[in-house]
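S.K.: Listed below are the residues making up each chain.
Number of protein chains: 2
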Amino acid sequence: MPIPGQLNPPVRLLLGPGPSDVHPRVLTAMATPLLGHLDPQYLVLMNETQEMLQHAFFTKNRLTIPISATGMAGMETCMVNLLEPGDKIVVCVNGFFGGRQAEIAGRTGASVTQLDAPWGTVFELDRIRDVLSKVRPKVLSIVQAETSTGAWQPIEQLGKLCHEFDTLLLVDAVTSFGCVPVKLDEWEIDAVYSCTQKGLGCPPGLSPVSFSPRAGEAIAKRKTKVQSWYFDLTMVQKYWEADRFYHHTAPITMTYAIREGLRLVLEEGIEARWARHLTHHRALKAGLNALGLDYSAAEGHQLPQLNAVKIPAGVDDLAVRKKLLNDFGIEIGGGLGDFKGKVWRIGLMGFNARAGCVFQVLGALEQCLQSVGCKVTPGTGVAAANKVYAA
Amino acid sequence: MPIPGQLNPPVRLLLGPGPSDVHPRVLTAMATPLLGHLDPQYLVLMNETQEMLQHAFFTKNRLTIPISATGMAGMETCMVNLLEPGDKIVVCVNGFFGGRQAEIAGRTGASVTQLDAPWGTVFELDRIRDVLSKVRPKVLSIVQAETSTGAWQPIEQLGKLCHEFDTLLLVDAVTSFGCVPVKLDEWEIDAVYSCTQKGLGCPPGLSPVSFSPRAGEAIAKRKTKVQSWYFDLTMVQKYWEADRFYHHTAPITMTYAIREGLRLVLEEGIEARWARHLTHHRALKAGLNALGLDYSAAEGHQLPQLNAVKIPAGVDDLAVRKKLLNDFGIEIGGGLGDFKGKVWRIGLMGFNARAGCVFQVLGALEQCLQSVGCKVTPGTGVAAANKVYAA
Chain D
1 MPIPGQLNPP VRLLLGPGPS DVHPRVLTAM ATPLLGHLDP QYLVLMNETQ
51 EMLQHAFFTK NRLTIPISAT GMAGMETCMV NLLEPGDKIV VCVNGFFGGR
101 QAEIAGRTGA SVTQLDAPWG TVFELDRIRD VLSKVRPKVL SIVQAETSTG
151 AWQPIEQLGK LCHEFDTLLL VDAVTSFGCV PVKLDEWEID AVYSCTQKGL
201 GCPPGLSPVS FSPRAGEAIA KRKTKVQSWY FDLTMVQKYW EADRFYHHTA
251 PITMTYAIRE GLRLVLEEGI EARWARHLTH HRALKAGLNA LGLDYSAAEG
301 HQLPQLNAVK IPAGVDDLAV RKKLLNDFGI EIGGGLGDFK GKVWRIGLMG
351 FNARAGCVFQ VLGALEQCLQ SVGCKVTPGT GVAAANKVYA A
Chain F
1 MPIPGQLNPP VRLLLGPGPS DVHPRVLTAM ATPLLGHLDP QYLVLMNETQ
51 EMLQHAFFTK NRLTIPISAT GMAGMETCMV NLLEPGDKIV VCVNGFFGGR
101 QAEIAGRTGA SVTQLDAPWG TVFELDRIRD VLSKVRPKVL SIVQAETSTG
151 AWQPIEQLGK LCHEFDTLLL VDAVTSFGCV PVKLDEWEID AVYSCTQKGL
201 GCPPGLSPVS FSPRAGEAIA KRKTKVQSWY FDLTMVQKYW EADRFYHHTA
251 PITMTYAIRE GLRLVLEEGI EARWARHLTH HRALKAGLNA LGLDYSAAEG
301 HQLPQLNAVK IPAGVDDLAV RKKLLNDFGI EIGGGLGDFK GKVWRIGLMG
351 FNARAGCVFQ VLGALEQCLQ SVGCKVTPGT GVAAANKVYA A
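Protein chains in written order, with our numbering: chain D, 1 to 391; chain F, 1 to 391.
Be careful, since some hints might not be right.
The list makes no distinction among identical chains, and a pair is therefore deemed to hold if it is satisfied within one copy or across any two copies.
To be verified - Simulated crosslink set (EDC-like; lysine to aspartate or glutamate; CA at most 16 angstroms straight-line):
1) Lys238 - Asp87
2) Lys387 - Glu103
3) Lys223 - Asp317
4) Lys134 - Glu268
5) Lys375 - Asp130
6) Lys322 - Asp39
7) Lys225 - Glu103
8) Lys223 - Asp116
9) Lys60 - Glu186
10) Lys387 - Asp116
11) Lys340 - Asp243
12) Lys138 - Glu217
13) Lys225 - Asp126
14) Lys183 - Glu267
Calculated from the structure, these hints are not laboratory results.
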C-alpha cells in the first residue's frame with residue numbers, strides 16, 4: 001500500500017467542548033523518552049501525580065488516581081465498582097451525559113431510577129431529597145457541568161443530603177475539573193471522574209478519579225467481582241500502593257502529560273485558575289450577546305468554560321461551523337442529542353481560557369454570521385468583550 | 001503543597017518485556033498540537049491508521065481499529081464482545097497471560113474450560129483438537145507470544161481447526177505484533193488484540209484489535225448488551241465508520257503515535273522487520289549462551305523479541321537487575337507468577353531490535369554477573385554476538 005505522508009495537521013484553535021488545546025509545556029513533556037512502568041523513578045512520578053490530583057480535587061482520599069483511558073472510562077469505572085446487580089441508583093438526567101450515566105449504570109445489573117429535568121436546566125435540592133427518601137438508593141449520580149447544555153449544577157449541598165439517606169454521591173466532573181471548583185472533602189463527594197483534555201490542558205487519554213473512604217468501603221464489601229477487569233479498582237489500586245502489584249502497563253507518556261498539566265495548575269494556583277475561567281467567560285459572554293447570541297442555560301447556571309448558545313432561527317449550523325474551521329481554523333462544538341442543530345458550544349478551557357481565544361472566536365464569528373445573512377454591527381463582539389476586560 | 005520539579009527522567013534503555021523504547025520519530029509526532037476528534041483532517045488520520053493496521057495484520061477485516069486504552073483493554077474488549085453469559089470458551093494456559101484470559105473470560109458469565117500446559121511449553125494441535133471436539137466452545141483463546149515465558153506458540157493451523165468445530169479463534173498478539181508474523185486472513189484468526197509499546201515502538205496507550213466477518217456476525221447476533229460500555233464494539237465501530245457517530249473522545253495524541261509507528265513499519269517492510277528481529281535475537285542468544293544463560297522455552301519455540309533466560313542457581317535476581325538499572329540504565333524484566341525469581345526477560349522489540357542494544361545488554365550483563373560471583377570470560381558475550389553478525 002502507499003505509505004501515508006508525514007504527520008502534518010492543519011493548525012487549529014480548539015474552542016469546542018473538548019479537547020481543548022494542549023499547553024505547549026505538556027506537548028514538550030510528551031516527547032520525553034519513556035521510563036518503564038515499574039521503574040523506581042516512574043513510581044516517584046506516579047506519587048507526585050497522585051498528590052497533585054488530591055490537591056486539585058481538595059481531598060485527602062487515598063484512592064485518587066488517573067484511570068488508563070479517556071473520560072468515559074472514568075464514568076464506567078465508577079459505575080462498575082460502586083454497583084452490583086440489584087443495587088439501586090438514582091441518575092439525574094438533564095442532558096446527554098446524564099443519559100449516559102443511566103445507560104452505563106444499567107449495564108451493571110443495578111436497578112436504575114432516572115430523575116429527569118429539561119435540558120439546559122439544573123436540579124433543585126428538594127426534588128433530589130424527595131427521590132432519595134422514596135428510592136433509598138445506594139448511589140445518586142449527577143453531572144456537575146453538563147457538556148451538552150452548558151448548565152452548571154450546584155452540588156455543594158448534595159453530599160450532606162445523600163449521606164442523610166446513606167447514599168453515595170457520584171459526580172461527573174469531566175467538564176468542570178480545572179475550570180470551576182470541585183471540592184471533594186468539603187462537599188462530601190464520594191466518587192468523581194474527570195478527563196485530561198479540558199480543564200487540565202492535556203490530550204485525552206486519562207480519567208482522573210477519586211473515591212472517599214466511604215466509597216472505598218462499599219467497594220471492599222462487594223459480594224461479586226467487578227464486571228470489568230481493566231477497571232477493577234480492587235486490583236488497579238494495588239499498583240498505586242506500596243507493593244506496586246503489576247496490573248496493566250500504564251500509559252507512561254500520558255502520566256508525563258498529566259503531571260505537567262497539574263504542575264501548571266499548581267503554579268497558577270487553583271483559585272486563580274477558576275478566576276481566570278470566569279473572567280474570560282464574562283468577556284466572551286458580553287461579546288456573544290452583542291453578536292445577538294443567547295445562552296441555552298439559565299442565567300446563574302451558565303458554565304464559564306462551556307458557553308452553549310442558541311443558534312439563531314434560520315441560520316445554517318453546519319455552514320457557520322465549516323466556515324469557522326476552514327477559513328479561521330477554529331473548532332467549536334455543535335449540539336448533541338436533543339440540542340442537535342440547536343446550539344453551538346464554545347469552550348474556553350484550561351490553556352484556552354485567555355483573551356486571545358476570546359478575540360479570535362468573536363472576530364471570526366462576526367464574519368461567519370454575516371456570511372449566512374445575520375445582521376451584526378462590525379466590531380461589536382470584540383468591543384463588548386474589551387469593555388469587560390477594561391472594567 | 002510544594003510543586004514537583006520539571007520532568008527530568010533518567011535515560012533508560014528499555015529491554016524488558018515492554019514498554020520498549022519509543023522511536024524518536026514517534027516521540028516527535030506526540031508533541032504535535034491536537035486536532036479535534038471529529039475534525040475532517042483527524043478522520044483522514046484515522047482512516048490511514050486503520051488501513052496501515054490492516055496491512056500489518058495481513059487482513060481485509062473492516063473492524064480493525066485501535067481500542068482507546070492499553071493492551072489488556074484489548075483482551076477485555078475481545079472477551080466481552082465475543083462472549084455472553086452461558087457461552088462456552090476454551091482458554092489455553094501455559095503462562096501468566098493465558099491465565100489472565102481465563103480470568104477475564106470468567107467475568108463475562110461464560111463457562112470457561114481451561115486447557116493447561118507447563119509454563120515455557122507450547123500446545124500441540126492434537127490436544128486442542130481433542131478439547132474442541134469435547135467442549136465444542138464458541139471461542140478458543142490462545143497466546144501467540146507468552147510474555148511471561150518467552151514461548152512462541154505456533155498458530156498457523158489453529159484457525160482452520162477451530163472452524164471445523166464452528167469455534168472462533170481468539171489470539172493474544174500483544175508481544176508478537178510487529179515482531180513476528182501475525183497473518184489474520186491466511187491463518188483464519190477471528191479476533192486478535194495487541195498493544196503499541198512493544199513491536200510498534202510507540203508508548204503504551206492503545207490496543208489494536210481486529211475481528212473477522214465471522215466474529216463480527218457473532219457480535220451482531222448477541223442477545224444481551226455488551227457488559228462494558230467503553231469497550232462495546234457495536235458502538236465503538238460506528239465512530240470508525242462513515243457516519244462517525246461520537247462514542248468517546250479519542251486519545252488523539254496516541255493516534256498520532258501509532259500512525260507514525262505504523263508508517264515506520266511500512267517503510268521498513270513488515271517482512272524485513274521480522275527478519276531484523278530474528279537477526280538480533282540470534283546474536284543476543286549466542287551472547288547469552290556464552291555468558292552461561294539458558295532459555296526457559298524449548299529450542300524451536302523461543303520468541304526472538306522476548307528472550308526469557310533462567311537465572312543461574314544462587315544468583316541474586318534483584319541485585320543483578322538493580323545494578324543493570326542503576327549502573328548502566330538498562331531495564332530488563334524479572335519473572336512473573338510461577339517464574340518469579342526464576343527468569344530474566346530480555347526484550348528486543350521494535351526500535352530496540354538492533355545491534356546497539358545487543359552489545360549494551362551483553363556488556364552490562366557480563367559485569368553484573370561477575371559482580372554476583374558468576375564466572376564469565378571477559379568479552380565472551382559480545383564476541384559470540386559478533387560472530388553471528390559476521391556470518
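S.K.: Quick one: Lys375 to Asp130, C-alpha cut-off 16 angstroms, is that within a copy, between copies, both, or neither?
M.R.: This pair counts as neither: shortest intra-copy Cα distance 47 angstroms, inter-copy 77 angstroms.
S.K.: With identical chains, the pair Lys225 and Asp126 could be close in the same copy or across copies; at 16 angstroms between alpha carbons, which is it: within, between, both, or neither?
M.R.: Neither: 35 angstroms inside a chain and 35 angstroms across chains, both beyond 16 angstroms.
S.K.: Treating 16 angstroms as the Cα threshold, decide for Lys238 and Asp87: within, between, both or neither.
M.R.: neither (26 angstroms within a copy, 31 angstroms between copies)
S.K.: Could you place Lys387 and Glu103 in one of the four classes (within, between, both, neither) given a Cα distance threshold of 16 angstroms?
M.R.: Neither: 44 angstroms inside a copy, 62 angstroms across copies.
S.K.: Between copies, within a copy, both or neither: which fits Lys60 and Glu186 at Cα up to 16 angstroms?
M.R.: within (11 angstroms within a copy, 55 angstroms between copies)
S.K.: Should Lys183 paired with Glu267 be assigned to within, between, both, or neither, using CA atoms and 16 angstroms as the limit?
M.R.: For Lys183 and Glu267, the Cα distance exceeds 16 angstroms both inside one copy (19 angstroms) and across copies (50 angstroms).
S.K.: Cα distance capped at 16 angstroms. Does Lys134 pair with Glu268 within a copy, between copies, both, or neither?
M.R.: neither (44 angstroms within a copy, 65 angstroms between copies)
S.K.: Have a look at Lys387 and Asp116 and pick one of within, between, both or neither, based on CA distance no larger than 16 angstroms.
M.R.: neither (39 angstroms within a copy, 74 angstroms between copies)
S.K.: Can you tell me if Lys223 and Asp317 fall within 16 angstroms by alpha carbon in one copy, between copies, both or neither?
M.R.: neither (50 angstroms within a copy, 38 angstroms between copies)
S.K.: At most 16 angstroms between CA atoms: does that hold for Lys223 and Asp116 within a copy, between copies, both, or neither?
M.R.: neither (31 angstroms within a copy, 29 angstroms between copies)
S.K.: With identical chains treated as interchangeable, where does the CA-CA distance between Lys225 and Glu103 reach 16 angstroms or less: within a copy, between copies, both, or neither?
M.R.: This pair counts as between: shortest inter-copy Cα distance 11 angstroms, intra-copy 20 angstroms.
S.K.: Between the shortest in-copy and the shortest cross-copy C-alpha distance, which are at most 16 angstroms for Lys340 and Asp243: within, between, both, or neither?
M.R.: between (48 angstroms within a copy, 15 angstroms between copies)
When the structure is compared with the earlier hints, violations turn up for hints 1, 2, 3, 4, 5, 8, 10, 13 and 14 and for no others.
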